[in-house]
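Chemist: Chains as they are written, first to last, in our numbering: chain A, 1 to 201; chain B, 1 to 176.
Check each hint, because a few of them may be wrong.
To be verified - Partner residues aside, some chain B positions facing chain A, computed with beta carbon under 10 Å:
| id | residue |
| --- | --- |
| 1 | L19 |
| 2 | H33 |
| 3 | A51 |
| 4 | A53 |
| 5 | F172 |
Hints are computed from structural coordinates only; laboratory data are not their basis.
The C-beta atom is built at its ideal place from N, Cα and C for all residues, glycine as well.
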Amino acid sequence: MSPDSAPAAQEPDIPAVHVQPPGLLALFLAFARMSLAGFGGVLVFARRAIVEQHRWMTADEFNETFALCHFLPGPNIVNLSMVFGARLRGIAGGIAAFAGLLLPPTLIMTVLAVIYARFGNVEVLSRILAGISCAAVGLLIAVVFRMMTPLLKRMEPIALLLMLGVFLAIGVARLPLQAVLLVAIPVSIGATFLLRRKVAA
Amino acid sequence: MNTENPLWALISTFGLMSLFAVGGAAAAVPEMHRIAVDVHHWMTDKQFADAYAIAQLSPGPNVLIVTLIGYAVAGIPGALAATLAMCLPTALVAYYVSRLLNRPSQSRWPALIQAALVPLSIGLMAASALILAQSTDRTIAAVLLTAVVAVIASVSRINPLWLLLAGGLLGFAGIV
Numbered sequence: 001m002s003p004d005s006a007p008a009a010q011e012p013d014i015p016a017v018h019v020q021p022p023g024l025l026a027l028f029l030a031f032a033r034m035s036l037a038g039f040g041g042v043l044v045f046a047r048r049a050i051v052e053q054h055r056w057m058t059a060d061e062f063n064e065t066f067a068l069c070h071f072l073p074g075p076n077i078v079n080l081s082m083v084f085g086a087r088l089r090g091i092a093g094g095i096a097a098f099a100g101l102l103l104p105p106t107l108i109m110t111v112l113a114v115i116y117a118r119f120g121n122v123e124v125l126s127r128i129l130a131g132i133s134c135a136a137v138g139l140l141i142a143v144v145f146r147m148m149t150p151l152l153k154r155m156e157p158i159a160l161l162l163m164l165g166v167f168l169a170i171g172v173a174r175l176p177l178q179a180v181l182l183v184a185i186p187v188s189i190g191a192t193f194l195l196r197r198k199v200a201a
Numbered sequence: 001m002n003t004e005n006p007l008w009a010l011i012s013t014f015g016l017m018s019l020f021a022v023g024g025a026a027a028a029v030p031e032m033h034r035i036a037v038d039v040h041h042w043m044t045d046k047q048f049a050d051a052y053a054i055a056q057l058s059p060g061p062n063v064l065i066v067t068l069i070g071y072a073v074a075g076i077p078g079a080l081a082a083t084l085a086m087c088l089p090t091a092l093v094a095y096y097v098s099r100l101l102n103r104p105s106q107s108r109w110p111a112l113i114q115a116a117l118v119p120l121s122i123g124l125m126a127a128s129a130l131i132l133a134q135s136t137d138r139t140i141a142a143v144l145l146t147a148v149v150a151v152i153a154s155v156s157r158i159n160p161l162w163l164l165l166a167g168g169l170l171g172f173a174g175i176v
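With the rest of the complex left out, here is chain B:
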């Protein structure tokens, strides 16, 4: 990364990644981690986990973790470039495809492809959870907190924000 323009690296990385991000932002997290931490060394493991936490805690689409990665690489221009590169190309693709498919067709292929993508996107999201857990859950208390939140959020309809705040409080108290 000596001669290459960091803005261009951000745009090409996230522009390409978004076109493969089937299953939404959560499914793209492992790839973001691989690129930002392992390949380009834009962030440390901990910075990435912190960025994920900030993105979860802030309003707006969760895909905006790319804004934080972009800022870490190239400041405010980087933040804006990464966000647009991640969001605009696929939005334009969606616009053109929706115009093509404006009339409901009899083809069963869209439904079939959609069904085929479901297990893949769940597998991707499970991989996200594993990779993030490996960087955040370094103590037994941390593993327990993650497990308890996972159970509570699975069985109840509590607003996720309360669980995030509870995690923040436990962190503040120095327990995890």
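With the rest of the complex left out, here is chain A:
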């Protein structure tokens, strides 16, 4: 927990005053730019643009907004664009940010899909993609590992068991996601609730 008196220690130069809310076009363009910069994830660029470059939010406000979007279902950064845009300019602002985030990369992706449909069986392209796939899986494993470290450090047996259970149910047994989550979510919430009560007592 950070002390209340120290907002954003690493950015002392950025004041917590809000500049005038941006226009819809400015929102659209800002999100389009961060989306097109975001190879392998947009979050880093989103934070840089919103907090440091445009100063549309303080670091704390950004963290709160992102935490909310992380806890809701769906693609986090897409949720963030809608919530963020709506906080500044109402629902129209939300739609402008949402469209800015998604429209340019969707068009690029559609062009790539057309190219793949036509040339996907060309041997060279197929070899290159196979190599990229292997590297991409390695990147995913690294992300999983990084996210897992705090869990491993705290050694919470129930959390580790739940993690392993979901991994086996989805990855090995290939059960449907909805069914697994309908069981796992209540169990995990119940276990966390009981654990915290025991710690507090």
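We have chain A; now place chain B onto it with these hints.
Modeler: Only chain B this time, still in chain A's reference frame:
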């Protein structure tokens, strides 16, 4: 899939999936694979792995792998329908929930639920990695490449794009 409109199948599939996609796009990959490859036979295993690679290599949110799946099913309308179905419903949910929670409350439930979801979403992402590895890593060289990238990306702060390009080069050279 003879009589059913493919666009509607895409919209209902991804619209429903997004509402259960706790932990973001990477956590939804196993379900996308199950639906697209095993249930509907929209793509082969290899096409799915290729789509994942293209989505990683392109700019924008990684969830846009659904654009490629949608295109494979129903062309450009399919690409747009799948993207919107995956992104819009949850964005609207997020909008309404954020309005409800606009004032910080004293309740500890949001934090508790968030903590409870963390191990589940990590387990889901680990399952994604396993399923993708099973379709991409068919040779020893491929397994090695995946393992080396995993280690390098775990211990360094190198831009992931370089590792993806290195994988592409090794593929081009016919090594993996």
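Chemist: Tell me, which hint numbers fail for this structure?
Modeler: Of the numbered hints given earlier, the structure breaks none, since each of them holds.
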